[in-house]
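Chain by chain, the residues:
There are 2 protein chains.
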Amino acid sequence: MTIELHAIAAPVFTARLKALVHLLKIGESEGRARGLSEEAVLGARLAPDMFELKRQVQIATDHVKGAMARLAGLEAPSFPDNEQTFAELYARIDRTLAFVASVPAAAVNGREETIVTLKLRQETMELTAIDYLQGFAIPNFYFHLTTAYDILRHLGMPLGKRDFLWRQ
Amino acid sequence: MTIELHAIAAPVFTARLKALVHLLKIGESEGRARGLSEEAVLGARLAPDMFELKRQVQIATDHVKGAMARLAGLEAPSFPDNEQTFAELYARIDRTLAFVASVPAAAVNGREETIVTLKLRQETMELTAIDYLQGFAIPNFYFHLTTAYDILRHLGMPLGKRDFLWRQ
Chain A
1 MTIELHAIAA
11 PVFTARLKAL
21 VHLLKIGESE
31 GRARGLSEEA
41 VLGARLAPDM
51 FELKRQVQIA
61 TDHVKGAMAR
71 LAGLEAPSFP
81 DNEQTFAELY
91 ARIDRTLAFV
101 ASVPAAAVNG
111 REETIVTLKL
121 RQETMELTAI
131 DYLQGFAIPN
141 FYFHLTTAYD
151 ILRHLGMPLG
161 KRDFLWRQ
Chain B
1001 MTIELHAIAA
1011 PVFTARLKAL
1021 VHLLKIGESE
1031 GRARGLSEEA
1041 VLGARLAPDM
1051 FELKRQVQIA
1061 TDHVKGAMAR
1071 LAGLEAPSFP
1081 DNEQTFAELY
1091 ARIDRTLAFV
1101 ASVPAAAVNG
1111 REETIVTLKL
1121 RQETMELTAI
1131 DYLQGFAIPN
1141 FYFHLTTAYD
1151 ILRHLGMPLG
1161 KRDFLWRQ
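Those protein sequence lines, which keep their order, are chains A and B.
With the working numbering, you'll find the first sequence wraps up at 168, consecutive numbering, no jumps.
With the working numbering, you'll find the second sequence wraps up at 1168, consecutive numbering, no jumps.
Bound conformation, chain A alone (with noise of 0.2 Å):
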């Protein structure tokens, strides 16, 4: 028994990106029963400097495709964040499923400590992928995922912990 790079990622993000759609169908479907526009609902943050919940889905995104080319040493598909409607969100989070279904397990695996050069805003770090993986891809994605949730939850849609966790 062994544990592949591959399975600690591609089946973490299809599981919880699914979740997301499921979420955000709540919330439109909520945000509608209350006459809230999509913009009002999409448009939502938790602080003034904080990120909108949009584009807390955007990121989330980007965190997963970033996530599974870094691995495979793929392109990661490039998305305009152009996204305005939750229609427009879905089929973001679909193309990324996509891409994610698209990578197969065998251009991943084995390639834990092949190193990752990850450009930031501030600095260039060298991580093996692994590290990569669990110390930022991960983090981040959890962090975009759930802070979307804490939008939804704020304004008051009726969201708990299972639909955090549903699996379809």
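Check each hint, because a few of them may be wrong.
[As the list claims (entries may be wrong)] Below, in silico cross-link-like pairs of lysine to aspartate or glutamate (DMTMM-like), each with a Cα-Cα straight-line distance of 25 Å or less:
no.	chain 1	residue 1	chain 2	residue 2
1	B	Lys1018	A	Asp131
2	B	Lys1025	B	Glu1039
3	A	Lys161	B	Glu1004
4	A	Lys25	B	Asp1049
5	A	Lys25	A	Glu4
6	A	Lys161	B	Glu1030
7	B	Lys1025	A	Asp49
[As the list claims (entries may be wrong)] Examples of chain A residues toward chain B, derived with CB under 7 Å:
no.	residue
8	Thr2
9	Ile3
10	Val12
11	Glu112
12	Ile115
13	Leu118
14	Phe143
15	Thr146
16	Thr147
17	His154
18	Asp163
19	Phe164
20	Trp166
Rather than coming from a laboratory, the hints here were simulated on the basis of the structure.
None of these values were measured; they are calculated from a predicted model.
Ideal placement from N, C-alpha and C gives every residue a C-beta, glycine not left out.
Given the coordinates of chain A, assemble chain B onto it according to the supplied hints.
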């Protein structure tokens, strides 16, 4: 090269619990500077039916000690959930870190397919250790960690993503 079960649990929990102390210390000192009581900061929440900051910290540590115990087939230490101050929460996090450090890697590694029984309020689940870790313990841990961060940000505390990803 293989990935071991202990390596995808203990180092992640340890690094992020230390970051949680870092986040709380900023909340503590900024709260004090603003004349807020510890009770006010630790009692803050994002929605009336969500847990307050203090409880988010308690549950985050519960998932860590529960995970390390289940992965190793040990009993988790029991904490009485009576913390009322920052100092008491730091002590709880320290006890959790000490428990994580006390579990030998050899007691965990190789047990990824061992069945873990999870008694939840409404159901009892049986999962392999790896599915429990990745589909339950880690998402729950990040959920409460991020929500603690989000509560502090919602209070206007001067935090950023770098603090969330903080490493000693």
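So, going through the hints one by one against the coordinates:
1. Between Lys1018 of chain B and Asp131 of chain A the alpha-carbon distance is near 17 Å, which keeps this suggested pair within the 25 Å criterion.
2. Of the supplied pair hints, the one linking Lys1025 of chain B and Glu1039 of chain B holds, its CA atoms being roughly 15 Å apart against a limit of 25 Å.
3. Using a Cα cut-off of 25 Å, the hinted pair Lys161 of chain A and Glu1004 of chain B is violated, with the two alpha carbons roughly 29 Å apart.
4. Proximity of Lys25 of chain A to Asp1049 of chain B is assessed by CA-CA distance (about 20 Å); at most 25 Å being required, the pair is judged to hold.
5. Restraint check for Lys25 of chain A and Glu4 of chain A: not satisfied, since their Cα atoms lie roughly 33 Å apart, outside the 25 Å limit.
6. Distance check on the hinted pair: Lys161 of chain A and Glu1030 of chain B sit about 30 Å apart at the alpha-carbon level, beyond 25 Å; violated.
7. Proximity of Lys1025 of chain B to Asp49 of chain A is assessed by CA-CA distance (about 20 Å); at most 25 Å being required, the pair is judged to hold.
8. For the restraint placing Thr2 of chain A at the interface with chain B, the shortest Cβ-Cβ distance is roughly 4 Å, inside the 7 Å limit, so the hint holds.
9. At a threshold of 7 Å, the smallest CB-CB gap from Ile3 of chain A to chain B is about 4 Å, leaving the interface hint in force.
10. The criterion of a C-beta within 7 Å of any C-beta in chain B is met by Val12 of chain A, whose closest approach is roughly 5 Å, and the hint holds.
11. For Glu112 of chain A, the interface hint holds, since its Cβ comes within 7 Å of a Cβ in chain B; the closest pair sits about 6 Å apart.
12. Hint on Ile115 of chain A is violated. Least Cβ distance to chain B is approximately 13 Å, over the 7 Å limit.
13. Interface hint at Leu118 of chain A: violated, since its Cβ lies 12 Å from the closest Cβ of chain B, which is beyond the 7 Å cut-off.
14. For Phe143 of chain A, the interface hint holds, since its Cβ comes within 7 Å of a Cβ in chain B; the closest pair sits about 5 Å apart.
15. With 7 Å as the threshold, the beta carbon of Thr146 of chain A comes within range of chain B, its nearest partner Cβ sitting at about 4 Å, so the hint holds.
16. Proximity of Thr147 of chain A to chain B holds as hinted, the smallest CB-CB distance being about 6 Å (cut-off 7 Å).
17. Among the interface hints, the one on His154 of chain A holds; its C-beta lies about 5 Å from the nearest C-beta in chain B, closer than the 7 Å criterion.
18. Interface restraint check: Asp163 of chain A against chain B, minimum CB-CB distance 11 Å, threshold 7 Å, status violated.
19. Interface restraint check for Phe164 of chain A: the shortest CB-CB distance to chain B comes to about 6 Å, inside 7 Å, so the restraint holds.
20. At a threshold of 7 Å, the smallest CB-CB gap from Trp166 of chain A to chain B is about 10 Å, leaving the interface hint violated.
Checked against the numbered hints above, the structure breaks hints 3, 5, 6, 12, 13, 18 and 20 and satisfies the rest.
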